[in-house]
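Those sequence lines, one after another, are chains A and B. The UniProt record's numbering puts the first sequence at residues 1 to 220. The UniProt record's numbering puts the second sequence at residues 1 to 375.
It should be emphasised that the hints constitute simulated quantities derived from the structure, not laboratory data. The beta carbon of each residue, even a glycine, is placed where N, CA and C say it ideally should be. Just so you know, nobody snuck in bad clues.
Distance condition first, Cα-Cα at most 25 Å in a straight line; then the derived BS3-like pairs of lysine-lysine: (1) LYS53(A) x LYS107(B); (2) LYS74(B) x LYS107(B); (3) LYS231(B) x LYS192(B); (4) LYS304(B) x LYS67(B); (5) LYS74(B) x LYS53(A); (6) LYS192(B) x LYS304(B).
Here are some of the chain B residues that sit facing chain A, going by a computed Cβ distance under 7 Å: (7) VAL49; (8) LYS99; (9) ALA334.
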Amino acid sequence: MLLLALDTATPAVTVALHDGTSVIASSSQVDARRHGELLLPAVDRVLAEAGLKLDAVTGIVVGVGPGPYTGLRVGLMTADTFGLVLGVPVHGLCTLDGLAYAADGTGVEGPFVVATDARRKEVYWALYDDPRTRVSEPAVDRPADIAATVAGLPAVGAGALLYPDTFPDARAPEHVSAGALASLAAEKLAAGEELEAPRPLYLRRPDAQVPKNYKVVTPK
Amino acid sequence: MADEPLVLGIETSCDETGVGIVRGTTLLADAIASSVDEHARFGGVVPEVASRAHLEAMVPTIDRALKEAGVSAKDLDGIAVTAGPGLAGALLVGVTAAKAYAYALGKPLYGVNHLASHICVDQLEHGPLPEPTMALLVSGGHSSLLLSTDITSDVRPLGATIDDAAGEAFDKIARVLNLGFPGGPVIDRYAKEGDPSAIAFPRGLTGPRDPAYDFSFSGLKTSVARWIEAKRAAGEEVPVRDVSASFQEAVVDVLTRKAVRACKDEGVDHLMIGGGVAANSRLRALAQERCEAAGIRLRVPRPKLCTDNGAMVAALGAEMVSRNRAASDWDLSADSSLPVTDPHVPGRSHEHGHGHGPGHDHDHVHEVSKENLYS
Ligand SMILES: [Zn+2]
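Start from the sequences and build out the full structure, keeping to the hints where you can.
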């Protein structure tokens, strides 16, 4: 088995290769504005580090968010296209689940929260009983509106670190890693679990305003 | 000819997901998925709606194009993609797909300019472009007069709209007349039954001191809207056919007059017209008439090739391969304001083609950053 995992749902552009036993190469860069530029060179680098070519990959794992739209699509479009050319399955995993999985062994005991930055003063978040068990649907909310629900729970992720009033017990990991996503996927696949379809979790409707100069693409 | 380059092109600069395949100047496939119906109720293209639709449509549209062309992806000589200009988020989906596709297939990637592609597509209809070629590009997004001596390396802007694009004016007048979106086809239809000289609407930027090749449709739009509102205020029926015909005449009169003048001034004996508005029947007819009178040969591709499509991107990509232009790098950006003077985005390790001075310092990172991709 050789899984290629990608996630661009958060400011991290992260790529990893997993051979079914462990992560054999990975790359993570945090740059919220350059997902499109950074992802493919990172894939190329990770493959080179492992001394492999893309056609050795037997499955793709991609973080489906939730995440701010534009960056999120870079990972999904790349995964879909690789799947098309290689003829291998493309598995989706909730990005928050990857963060929760990475929290294993960092001292989080019992129920906790994962929260990422949703911009616009909101967080994407979900509740977990343990690093492998999500107990709420991913949602997008203002931190103050969920303060009562998450009160007293430890929290991981950049969204938690950003809002200490709501998440006083916030801790690392701050960003998702494709290594964690790949390990989680490998574990689920080995257990015979079916993974999600690689479809984006936007959680917000598109802003429906037509920009004033819509469709004007010619520079003046 | 089998030794001509086989290129797949991807276009996502606005609301059409286009995938085309060409061999040299021969069209093999032109697959399109449009999200236009999803935008109609907003009266214009909603960028996020378009981007979401591109993601969903991309893989099925690539598949459809390959089937239509009857070729195998392994036989492609290159993958071309619109790198800009266009809607940032929408462009990014296409650029991402093209990069992943080219990388997975082990083929070179060519990030190309949307406007140059609109010109180059005519090679699929009328054979190799004459050099130089004068091009009038008119759509909901562009109104430009461009002169090209080599479509892969030298495209010069002679004039452009200073306010609305021509197609935008059609959309806005259609909205005032309650005819729906997009406005071009429906106004064309009503205009056929109306009198183009019924109402004397203004011709923008046609005075002796005005810039010879620039366009302005904002004043015309206001003037038409005022005329309609006055009729309504007086309790009279608005003559939709005559308004459509007179408005359309004002637009195409200016477009063709300036294009023909540019040909004469520059000594160019060919004019190509592209973009969605090139599907307008009156524009085609008047351009034909005026070009004939001036001894200019008119080239207008069939309407499906005039609107945004993947075949035009493939056509320019094939030309890049034929002329040995440098491929793009794997970190190619989607550049919403890619200058028309850059027909493609060569990799940094390669030299720029002629037409770019060494001082060319267009900052792609900055251009992308200001669009705030992470939102
Ligand atoms: Zn266009």
